[in-house]
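Just so you know, the sequences run in chain order A and B.
For the first sequence, the working numbering assigns the number 1 to the initial residue and increments by one for each residue that follows.
For the second sequence, the working numbering assigns the number 1 to the initial residue and increments by one for each residue that follows.
Just so you know, the hints here were simulated from the structure itself, not pulled from any lab data.
Since this is a predicted model, take the numbers as computed values, not measurements.
Glycine included, every Cβ here is placed at the ideal spot set by N, Cα and C.
Among the clues, some could well be false.
[As the list claims (entries may be wrong)] Derived list of chain B stretches under chain A, where covered just means 3 residues or more per stretch with a C-beta under 8 Å from a C-beta of chain A:
#, segment
1, 105-118
2, 321-334
3, 370-379
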Amino acid sequence: MLRFIAGRLIQFPLILAVIYLTTFLLAWVAPGSPFERTDRKLPPLVLQSLKEKFHADSAWSFLGWYPYRIVIHGDLGPSLNFPERTVNEIIRQTLSVSIVLGTCAVAIAIVGGVTIGTLAAVRRDGPLDWISLNVAMIGISLPSFVAASVLVVIFAVNWQLFPSSGWPAQAGWSSLGWSRFVEYVQHITLPAFALSLLPMAYITRLTRVSMIDVLGSDYVRTARAKGLTKTTVVWKHCLRNAILPVVSYIGPAAAGAMVGSFVIEKVFNIPGIGNFFVTSVQNRDQPLILGTVLVESTLLLVLNLIVDVSYGFVDPRIDVTTTAQE
Amino acid sequence: MTDIAVPNIAPEVEAHEHFALEKPDHVWRRLLTNGRFLTGGTMLLLILGSCIATLVWTGRESLGVDEDGYPIANPYYFDAQDATRPEAKPSRDGIVYWFGTDKLGRSILMRCLYGGTVSLEIGAAAAAVAVLLGVSVGLVSGYKGGWVDGILMRFVDVMYGLPYVLLIILFKIGLEEQFVLGGWFPGMVLALLILGVLLATFQVTGKLLPGLASARWLSRVAVAALLVTDLCVSRHSVILALFRLAHVRSVPLPPSVANRAVLFMAIGLVSWLTMARVVRGQVLSLRGQPFIEAGRAMGLPRWRIFFFHLLPNIVGPIIVYATLTVPQAILSESFLSFLGIGIQAPMPTWGSLAAEGLTPGLLPNNPSWWMLLFPCTLLALTLLSLNFVGDGLRDLFDPKRGEAAKL
């Protein structure tokens with residue numbers, strides 16, 4: 001197992017390098033830069049020195065100087081659009097917000113999706129099954145900003161249970177406490193729920209399908225004949241076998257929820273990494289684009305690795321170390 | 001699975017493995033008894049039909065010229081503004097006001113109808129790109145195997161790893177100006193094509209000179225490195241200079257056309273990945289089958305095997321995934337429009353209409369709910385019916401999974 005993890009970890013820099021190159025090519029080949037966007041046309045000499053200051057004067061600075069800074073110093077450089085902040089600062093401040101939000105959303109999605117999917121599979125063809133199928137379909141079909149705005153109108157505007165937007169201000173560890181926790185819960189509930197709808201729909205479908213498969217197998221009948229209660233059989237024996245497709249879906253879903261939440265972040269006005277990513281692309285802020293893409297890809301790679309490793313814990317019969325080659 | 005069940009499922013498993021189409025009447029009977037497919041199909045036809053049929057009215061700015069030579073305004077035009085009734089509630093004062101009006105007094109119904117054609121156009125374009133690119137990459141990758149498969153699939157992996165929004169936005173921002181100004185983008189494409197041709201030539205010369213494997217690889221790497229370095233020093237690039245000399249530049253396009261074309265391309269270019277993986281998997285399982293081997297033994301050319309023997313056997317999954325690509329593309333467009341980088345302003349899409357309706361809809365004292373409700377309902381209904389149709393088709397082509405899943 002250790003060898004497997006090490007082998008995958010060795011691949012990381014290679015894949016990241018390819019992703020860096022691709023992003024670099026896309027970001028660099030696309031014309032227009034923040035220097036050229038200003039209303040007044042800058043004198044060429046000033047432009048040149050500005051570009052030199054931000055190391056944006058040629059493609060080589062991004063192929064030579066920039067990777068060197070990232071690898072040796074872990075420094076992603078200055079942001080072109082937010083001159084007071086470096087890319088490192090921006091990522092440090094926003095990534096935690098996105099990770100907290102994404103984790104909550106995925107947790108809601110897993111708990112809700114697995115429960116609904118299992119219940120639907122157990123009471124197959126019943127009303128609950130029908131409802132779960134169609135709710136899952138709607139969850140897949142409804143754009144998340146629509147779901148989010150409906151949630152806001154109902155819970156924040158009409159019933160005033162939660163704040164309609166915003167995020168608790170950044171504060172040190174000293175201010176941790178019950179009121180702070182409540183504040184976080186209040187701010188996180190609506191966006192996390194809106195963000196969890198799509199993965200929940202997929203997880204419901206996946207759980208239901210594999211659960212139906214598992215419920216038809218012989219050992220279930222044996223376990224029931226032995227006198228185990230239905231609850232034990234379904235929730236302890238079957239679920240463990242049926243959850244595998246869900247596990248493999250969780251990796252990309254969690255990565256998507258953590259970094260692809262820009263729409264939800266925009267609706268709820270949350271300072272997450274997704275918003276910065278989108279604005280950086282729009283403003284052609286090359287260092288910020290490269291930084292966010294690298295962070296996001298690393299996150300995706302790590303999550304996929306965790307998922308691959310956790311296969312072995314969910315189902316001890318699976319040996320990733322050998323099947324990964326095929 | 002018990003032994004008794006085997007004879008029952010055996011024919012289905014076979015059908016599943018070969019994805020062979022049954023007799024036409026069987027296909028239709030199976031489809032027409034599938035409730036979800038029927039519901040989805042009817043709904044889709046209704047929405048699609050009404051959007052396209054009304055294009056005659058919603059797409060025309062003026063109804064001709066009156067006797068004084070002034071154009072007669074068309075009240076049904078999607079951009080026709082009625083300044084006397086901004087943000088009017090839905091009312092029965094005439095078909096224009098059925099769904100209410102927006103801030104500029106434009107009819108929501110007409111905008112929804114016209115926007116529907118744009119949204120569906122995007123879906124269709126994405127599906128077309130997904131089929132063309134995904135199927136060809138999947139076919140080649142699965143059939144050739146080896147290093148070709150390795151390179152193509154790693155490429156797909158990397159594309160999966162990159163956030164798709166980045167790809168779409170960068171494509172859009174990067175290429176749109178090129179299209180409007182008539183930039184060097186086609187030169188870039190041509191350069192890539194030349195690279196491909198060169199690599200193919202090396203492959204052929206390698207076949208002719210079997211003893212020089214290492215030399216072949218060296219030259220390949222050298223040429224690739226040369227080309228990449230050449231393109232990186234964009235200002236002094238030899239290749240680009242050649243294209244500049246030859247005046248290979250794209251024709252300048254009007255901004256609205258360029259906007260649409262680039263969005264089609266961008267969404268299409270990220271939607272072929274799943275298709276490539278699926279087709280590759282199918283081809284991998286078909287490649288070892290006796291009938292392909294027989295074809296190869298008979299000395300059939302590769303294109304014949306591709307088009308007449310492999311392709312007909314994987315039509316099923318291709319149709320299914322093409323259908324499922326359409327809602328995804330429409331959804332991505334709506335996200336982009338919501339962020340303000342989708343189709344540009346006067347041209348409506350369901351996504352941009354929903355985004356427009358969102359801000360006033362959230363204010364408790366002035367809830368213009370109709371601006372949000374109607375585009376969202378149409379969008380959700382269309383996506384729902386497309387998913388229903390896709391799932392119905394999957395049941396048809398993949399009966400084993402369909403039986404087990406009913407999804």
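Structure-based check of each hint:
1. 105-118: Since 0 is below three, the answer is violated.
2. 321-334: Answer holds; 3 residues pass the 8 Å Cβ test.
3. 370-379: Since 3 is at least three, the answer is holds.
This entry does not satisfy hint 1, going by the numbered hints stated previously; all others are met.
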